[in-house]
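Participant: Use the sequences and the hints to build the structure in full.
2 protein chains.
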Amino acid sequence: MGRLWKKKEIRILKGNIVYSRNKDELEICEHSYLVCADGKVDGIYQTLPFRLGGNPIRDCGDCLIIPGLTDLHIHAPQYSFRGMAMDLELLDWLDAYTFPEEMKYGEMEYAGKAYSIFAENMKKSAVTRACVFSTIHRPATMVLMDKLEKTGLVTLVGKVNMDRNAPEGLCEETEESLAETEIWLEEVRSRDYRNTGPILTPRFVPSCTDRLLEGLGELQKKYALPVQSHLSENLSEIRWVSELCPWSGFYGDVYDRFGIFGGECPAVMAHCVHSTEEEILRMKEKGVFIAHCPESNMNVASGIAPVKRYLEEGMNVGLGSDVAAGSTENLFAAMAHAVRGSKLRWRLQDESRKPLTVEEVFYMATRGGGAFFGKNGSFEPGYEFDAVVLDDSRLSHPQGLSVRERLERIIYLADEREVRGKYIRGNELFFYGYNI
Amino acid sequence: MGRLWKKKEIRILKGNIVYSRNKDELEICEHSYLVCADGKVDGIYQTLPFRLGGNPIRDCGDCLIIPGLTDLHIHAPQYSFRGMAMDLELLDWLDAYTFPEEMKYGEMEYAGKAYSIFAENMKKSAVTRACVFSTIHRPATMVLMDKLEKTGLVTLVGKVNMDRNAPEGLCEETEESLAETEIWLEEVRSRDYRNTGPILTPRFVPSCTDRLLEGLGELQKKYALPVQSHLSENLSEIRWVSELCPWSGFYGDVYDRFGIFGGECPAVMAHCVHSTEEEILRMKEKGVFIAHCPESNMNVASGIAPVKRYLEEGMNVGLGSDVAAGSTENLFAAMAHAVRGSKLRWRLQDESRKPLTVEEVFYMATRGGGAFFGKNGSFEPGYEFDAVVLDDSRLSHPQGLSVRERLERIIYLADEREVRGKYIRGNELFFYGYNI
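Heads up: the protein sequence lines correspond to chains A and B, in order. The first sequence lines up with residues 1 to 436 when you count with the numbering used here. The second sequence lines up with residues 1 to 436 when you count with the numbering used here.
Calculated from the structure, these hints are not laboratory results. Please note that the accuracy of each hint is not assured.
All copies of an identical chain are treated as equivalent in the list; a pair is satisfied when it fits inside any one copy or across any two copies.
[What the hints assert, rightly or not] With a Cα cut of at most 35 Å, we get these calculated DSBU-like pairs of lysine-lysine:
(1) K375 with K6
(2) K23 with K375
(3) K150 with K104
(4) K113 with K14
(5) K150 with K23
(6) K354 with K104
(7) K286 with K123
(8) K124 with K113
(9) K104 with K14
(10) K113 with K7
(11) K14 with K124
(12) K7 with K222
(13) K6 with K354
Facilitator: Shown next as structure tokens:
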């Protein structure tokens, strides 16, 4: 007789463990053991239980250990011009900078070079999961997915669809766009990735005809895929959508009409800066995820999204870097920008909603966005074991600090230098400078 | 007969030289020679003139060389809690976090430890000149000045004065505050610093009685000192000032009444978020410098200063990090925050003023603020030779970039890691990783 059960694979980290109990409360376990069994969180212990004895322990000293961060909205091809071209609003910015850059990804050599940089920097960051836009190009999208797969990050990647209002070279024929998408989906399936999956990615309503969205809705059903797109980011964009789709009740209604706006179809929509009451109501009914991208909303002068409200009303909200309208993949920066934006919103737009708290932005970056990937973004038992070890010793200071204070400092000041270790689904991607 | 003249001390840097011709135009000299003679800029040359032959050349390769940045407003004792305690508005924030922290600088051991960290990190940054607040404590202020002097940075440092509305332990008796200030000034004089000078520092009107301000005005005349303080940062603060000084026409009028608001007295005022027309007019008449602190104005929810207007109307404007209401001494971050803030101001408050440009924020951080220190912040001949060498190779990218594009990326993404070399008044503070 063989063995009746396989022994569980155990991993144990020791350090100052922090995660969100809910949007208003942190759970902080100082100098404790975080135990992973078969890629899932087993539990947190002050003293290691007898049954776990004999397993190696990774002692992270005084480091913080937090759930991996989720970036709900990032454009991989735009990473090449991050921190540049910040002088225009959304629609002009797309025409002047973004589309010419995305055009280059028709060339595989350029795509390979650019996506290597992107994948490498994403790996070093505190992000463990991300929803990623590619370009319309199927071969380059596969290059991106291959490279992301190698990093060990868990990502959903989308070949972009556009069949109107895009420059020549980036504008697909409708049926060709759908056919390419299906070929791409089959290609992805044949790759048998462990960590990388496809997500349908109509760029936004202005660049997708009704027929294209309808076709993507059919593919969504056929393959049971998630969807990502943009929603109510900029006022000119919203006016344009109402002209292009006069039959729609509001912007998000267009996606909903074609079955790609929540409900059976997991959907994440970036921005929602200017969503109407009707749109908000529909998002609630359908459980649509909001990717709040605070830096982008400042950089392309979109405005400030009412995220405090979204959170208070129990909607699904996470954070997005929105590179390259956001300048960095560093999601700590996004957390700090979210707080700052909410303070200006409170001061200048709506005194009835208080600014976001540290707890709320940390929640959005972990549990809020992580939920798009299932049981993710928390260290409660049964959650997928995505963990990041943060060594904040570079941020020198003369006094004693609580773990809560250190977390706030990390949000304002940390970058990839603080990321000493990274674990996804229980696998160690890297751990620098310590021995077991 | 002795020699009739001393040979000039020559220093030559080679690289991509960038500086502000004016607020709207950059001067960019690729692969050129920047020549310093006796601590001043001699000129920029595409080909090195014959007369300069034989001098060693520091070849900075493809690096950018920019004028050193000036931080017009930073609180050294608050550096210890940078990136923390960001949940309150100005007046409550002072009471809850700032005053308790500043109290600690009565202890020399704590001050020494904290100011070492501050001085070390300021040295590594791209800042070459700064206006620095200390605390009310004279001995700790001397510790700070000694440490800053050693870095080679050029700084103006102020012992803070407060004789009302401050907690016990931070609240001075009026005459004692003036007497201590004068002892401090004599002590500074006796130190014979090369790079460090005193600046009178009444904290702000709410914490200074009329008699204290009057006394400081007398000291200003006696010692011909510059002055730094805060102005029109927050609406509650402004109301408070009008209650405390009902005789004043506006906030800045209080300083002006006592002769410490420009004119004969060089003055730099932080914030000016809510300055009235009368106040703006007076600042123009008196040539008062404005220290725009964009991150601080977001973090403590003060609002967004109308900096575009100040610049367009030819006022003296520079940038301040305002640590710890700002989270970092990194003045590149302040530039990017200034652009972002101006975009939200344009979107939400005043569509008549366009957002700030890269040229404008770079101008403020170099020439605009530098002017408070005299001929500083430019590479035009005769300016003091403060230069920073920036290696942006960490910010990897797949395409060719112009120097202008690289500068914009640096503004959004750089930190002390990009600072490879630093020169102040012609002296090399450091230069990493290259040989002559």
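Participant: Now tell me, hint by hint, if it's right for this structure.
Facilitator: To see whether the hints hold, each was checked on the structure:
Proximity of K375 and K6 under a CA criterion of 35 Å is satisfied intra-copy only: 23 Å inside one chain copy versus 75 Å between copies. Taking the closest pair of Cα atoms, K23 and K375 come within 35 Å of each other only inside a single copy of the chain (16 Å); across copies the shortest separation is 52 Å, beyond that limit. Proximity of K150 and K104 under a CA criterion of 35 Å is satisfied intra-copy only: 23 Å inside one chain copy versus 50 Å between copies. Proximity of K113 and K14 under a CA criterion of 35 Å is satisfied inter-copy only: 30 Å between copies versus 38 Å inside one chain copy.
Proximity of K150 and K23 under a CA criterion of 35 Å is satisfied intra-copy only: 33 Å inside one chain copy versus 47 Å between copies. In this assembly of identical chains, the alpha carbons of K354 and K104 lie at most 35 Å apart only when taken from different copies (31 Å versus 44 Å within one copy). For the homomeric pair K286 and K123, the shortest alpha-carbon distance inside one copy (32 Å) is at most 35 Å, but the shortest distance between copies (53 Å) is not. Proximity of K124 to K113 under the C-alpha cut-off of 35 Å is found in both arrangements, the shortest distances being 17 Å within a copy and 32 Å between copies.
Proximity of K104 and K14 under a CA criterion of 35 Å is satisfied inter-copy only: 33 Å between copies versus 46 Å inside one chain copy. In this assembly of identical chains, the alpha carbons of K113 and K7 never lie at most 35 Å apart, being 42 Å within a copy and 51 Å across copies at closest. Proximity of K14 and K124 under a CA criterion of 35 Å is satisfied in both settings, with 21 Å inside one chain copy and 33 Å between copies. In this homomeric assembly, K7 and K222 never come within 35 Å of each other (Cα to Cα): the closest approach is 38 Å inside a single copy and 82 Å across copies.
Taking CA atoms no more than 35 Å apart as the test, K6 paired with K354 passes in neither setting, with 51 Å inside one copy and 65 Å between copies.
Violated hints for the displayed structure, listed by number in ascending order: 10, 12 and 13.
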